[in-house]
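A.B. asks: The residues making up each chain are set out below.
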Amino acid sequence: MAVPIEEAMSALSTFSLEDDQPEVQGPAVWVSTERGATSSPIEYSDVSAYRLSLSEDTKALNQLNSLIREGKEMESVLYTYRSCVKALPQLPDSMKQNQADLYLETYQVLDLEMSRLREIQRWQASASSKQKMLQLYYSVLDCLWPALPLVANTLQLQQLGPVTCIVLLTFTQVSILWQDIDSMREELDDLQIFLSTRWAILLNLHVEMFRVNNVEDILQVLIVFAVESLELDFALLFPDRHVLLRVLPVLVVLATSSEKDSESLYKRVKINRLINVFKNDPVIPAFPDLHLSPAAILKELSMYFPKFSAQTRLLTLPAPHELPPREAQEYPVYCFDVNLICDLVLKTRYAHMDIMEGHLHEIPSITRSFTYQRHYLIVNHIGAIRAEHDDFTIRFALSLNQLVLLKSMDGADIEWCKEVKGNMYDLVVEGFQLLSRWIARIWEQCAWKFSRPCKDPVLTESLEAAASFSDYEKVDGPVSGGLSRFLWVVRYNYSAEERKALVELVSYIKSVGSMMQRCDTLAADALWETIHSEVQEFVQNTLATMLKTSFRKKKDLSRILSDMRTLSADWMANTSKPESELQALQHGSEESKGSFFYSRPVAPTAAQIHCLQFLIYEVVSGGNMRKPGGLFGNSSSEIPANDLKQLESFFYKLSFFLHILDYTVTVATLTDLGFLWFREFYLESSRVIQFPIECSLPWMLVDYVIESQNAGLLESVLIPFDIYNDSAQHALVVLKQRFLYDEIEAEVDNCFDIFVLKLCEMIFTHYKSWAASELLDPSFLFALDNGEKFSVQPMRFTALLKMTRVKLLGRTINLRSLIAERMNKMFRENIEFLFDRFESQDLCAVVELEKLLGILQLAHQLLSRDLSIDSFGLMSNEMQENVSLVSYSSRLASQIWTEMQNDFLPNYILCNTTQRFVRSSKVSVLPVQKPSVPYAKPSFYCGTQDLNSAHQSFSRLHSGFFGIPHMFAIVRLLGSRSLPWLIRALLDHISNKITTLEPMITGLQEALPKSIGLLPFDGGVIGCTRLVKEHLKWHSKSELKAEILRGIKEIGSVLYWMGLLDIVLVTTYGLCSNVQQREEDTIHFMQTAPWLGLIPGADGQILESYEEGDSPVVNLFKSAIAATMSNPCRFNPSSLYNISKQAEAADLLYKANMNTGSVLEYALAFSSAALDKYCTRWSAAPKTGFVDITSSKDFYRIYSGLQIQYLEESVQPPPNNHEVLGDSVAWGGCTIIYLLGQQLHFELFDFSYQVLNVAEVEAAAINPSHKNLLSLQGSEALLEAMKKERRLNNHVFSMLKARCPLEDKQACAIKQSGAPLHRIKFENTVSAFETLPQKGA
Amino acid sequence: MARAGGITEAVNVGIAVQADWDNREFISQISHNVRALFDFLVKFEATTKSKLASLNEKLDTLERRLELIEVQVGTATANPSLFTP
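Protein chains in written order, with our numbering: chain A, 16 to 1352; chain B, 284 to 368.
Honestly, I wouldn't trust all of these hints.
[To be verified] EDC-like mimics (lysine to aspartate or glutamate), calculated; alpha carbons at most 16 Å apart, straight line: (1) Lys-422/A - Asp-535/A; (2) Lys-326/B - Glu-33/A; (3) Lys-334/B - Asp-35/A.
These are computed hints drawn from the structure, not numbers from a lab.
The following block holds chain A by itself, in its conformation from the complex:
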């Protein structure tokens, strides 16, 4: 069952081939690159079918073609010739006996190389002789095209000659050493002469040519053709144009140097026309890194062709090196006597560079070069090119859409159909011309740049760079070779503007190329149809009109015209169409035109076009070569001018049809930018194996795009890699050199790695700075004058981030995954760095850490819109070593804890009023071992330097103290996961401290006198203080005292810290300031609640749905087990049992999250439980049952003694004790007293309180007039300190009463294992003195 082709093909279009890949690369896949039309694949063997007796012409044509093909191969052999002198092995003296063997081996290797050179010589000989054969068929115009490249080839071979003679010389040397030269001396000499004689090929050719008679005519025709084509510039693709330009000077020289009739040339072509051509293009690209100059060629050839030297007008043309100074650098390579170079070569191969330097400064500067500069540099045209590109793309896309529309319609209007297709054809032609013009600009700019090395050698930057590059060059002497020359012509020769323009132009070429290439199959039949109809229109209608009118009388000519009709007319094209349609068509068209034909998508063959061109030429020239004027000049009166014009335009159109028929090949040729990489000429003249990639033009472009941070260019960053693709293709297909491909591949690998690296850095930095600038306070920015420097320029990485297949040397690279991989790594490194940084600072840096992590997180959030990278939580968990389910500590939590234990608790003091801890200046700081702050790039902080300093100044505000903001940061950073761990660690710290305090307190207790009574009021303040001093004989235990105070201070600090935490937690969770965290918790809760059996209660409380027993998840698995047990054959019950156990564990884990409460209350309860153990020793129950006043050694008494002593010390001149301990001593002491239930005892019997009472009485008793008694004066400060202390203590007590009321609260304590213990009742809570009025109340 056969399916019609059309149906099958249209079925293909039903596949969805949408692809979200942005088009940021050139075309890299060519469907077909076989030339089918421009060169006949069957070598014109079908021409004979037309019975035109053209077989001899076609034979000549084929010969010329094969000559060209061979010549091109020779060219690539010569161009890619690398000297192997460096590789020749040398023997030490000790191994002289093996010399002969070695030389034999070397000879064999070199012989292979030599054979290639001999090949060239042979080809040259055959080319000369075959060109002689060409004379026989000279009248064939078609031979013009092949003939020109042939001459061009020989010319190019000439240029490469000097390079290779180096190899030859070495070879000779080796052969001499091998002492077997007799047999080949003659051959070698011959070869040497051939290769080292300048213009040898041309001279040979000249000699051969002028053996034939009418060679002048051929040359003249060729010149006329070249000049006319150049002037007309009709449908010339750039390679053809360059070939014409290259060959013209040589042709002129040959023509004028003939024996006879040398002036006849100027009768046909005015010399001004020639001069104009030469002047317009002073530099012509020949090879990727070689260029020619017509003026220089002319001048040099005048030495060899004496007759030509009379042509002074042509010889006075300025060569490009004469335009400005230093221009000559490129040229003397050829100007130099080759033999001289050869002589020098053996000493230092590049000594001639030095010699050239001498020539450089002799030549005067001519301002004319500026106009050339304007012409050659792309920068000066880029605006126009941009406009052309935009305009063309729009029109092309429009026409393409129309074509698609047309195809989807049935029975479209025939006229419209034709119009759409014709429009498409016009646009394709225009596209080819645009591409051709653009790429020619690049070629010419390259040639221009090569002819004008960088003129600014004083640039220090470039000199430094040049110095760094000299590492590549293993130069023995001061001579720096081709590398530095290459540096001057490429590396420093393109300014930033020029690089930008070049990137832009390259990407225009590539994008237009890929656009045209993509629509190949879509547009192909439209193009064929248009060509078909053009040909048929001409053959069937135009020629018919001509036959009827102007050619009626001329028998010969009209026969040629009817031959043209016979061999190409498609009379029956309309027969296959349905009859009715045809009739309508004929009916409609009969009025307008003579005959109508139905065009069909079939192209004329190469043979047909060849024959048509041949016949047209014959009509026009009448076979007469010596006709004055041009090819289509109005010379012949036989043909009317109108017809001549039609014939001419059709003639040129025909040659362009071929390019359109070879659509993909033409597009490929016109977008081939591979030449930008090649540097074989410079490489051969340097001593390095390969130039560093910094000198490579494609990489320079990539590098420029990345370094310039130009958002507009960013999406073109992959375009320069297409240059590598092209050059690799060129190396393999055209030059056929594996080693070149290997070098390109190596460079591409290297470049791409660097590119990905740089790109990732750029992306990371951009997103970081974006996030950082988002997080800056907007009001701060608003108030700032230079706020814009903190804003980030938007960059579009989206297109690049979408690239999953970058086409590179036939490989497909997933750029997106490469970037994602690297980003994952960078984010992890960044987190790691931030932690490292935090670990090298103190606890106050936690605010900075939180800020930087916040920036990083926002950057992650912004980036993950475009790129799928690991979630931030995952990464930060990983870097915090916080993945384990059962461990709650993390890197950060343990760091905070270590920091608190070692630095914060001992060294920081509390200020109750400001609620801040500050570092004590008095405490001798224990040298804590900390790693130094690691260095990192700015992108690891906030992106750019400016943003870094902005954020730095914010975080510096918080670096001197520890307070509420720090607590916020800690809570946010640790989250609900690690915070309990930290709290637990701190609580344990309290209980440890209490344990260590206990024996010390006992020591102090023992030192107390047996009984201490109330202070007598009659002693006055001074007496009282003295009495207290007498009681407290702790002088021998000052160390112990300080230790206890420190311990109490630490306990107080921890408790105050807990208080802060409480405030922050309430704020954090109450106000939901950390929305995301809260949200996560809520989501988490919602997910787990059904499984744990939690249901919302009436007033928002959480209820447990199940009465007794287990939560749903546990139940589920239990019932599953039960089911399995009853039916044991099905599953393995043990695995299910495991799952069930795990479910229980999970149940327990998740339920633990539900309980929340005040941390401070918890801490107080915990400490009271910890104190329980010492209850008996620190608060002995009075034996009498009454309050024990005199003999009590309870804790409050000890603390009271400590307090008054340290108050006394604090009013002494420095060292000031208060600054060592701060307010947390009061917190610690009062809390212990309160928890032991001794608050009222303390308030009654505290020494300093008693002293204050005494002072009050004293002040009241003494007459106000005597207030400033001497007795009081000394203790004024002390009393003030005591009052302050009393106020503080009262504050603490009221706080404690509010947070931990002892009377009715059943506090819960914690077992050592961590389990809560509901039991405690404080025995000594209610006091008989409770009702007594308080002092000062």
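Start from chain A and add chain B according to the hints.
C.D. replies: For chain B alone, coordinates are given in the frame of chain A:
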């Protein structure tokens, strides 16, 4: 004069040329379709590749997440004593 002596058997050549046009229409249709097919294959390959790439990307992410979860479960099962109430 013209070295090509003109078409000797004009009628026969005309018929042959006409047949040639017809044959070549068939050939060009075939070659056009082959090219279209090839074009399709190239595009299909490209699309498939990018679809596979996006799938691969998702799998990668999942894989990494799974790895983490595995580690977490591993820590939980390694310490069963913690879960006994």
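A.B. asks: Confirm or reject each hint.
C.D. replies: Do the hints match the structure? See the list:
no.: 1; hint: Lys-422/A - Asp-535/A; verdict: holds, 15 Å
no.: 2; hint: Lys-326/B - Glu-33/A; verdict: holds, 9 Å
no.: 3; hint: Lys-334/B - Asp-35/A; verdict: holds, 9 Å
Every hint, counting from the list given before, is met by this structure.
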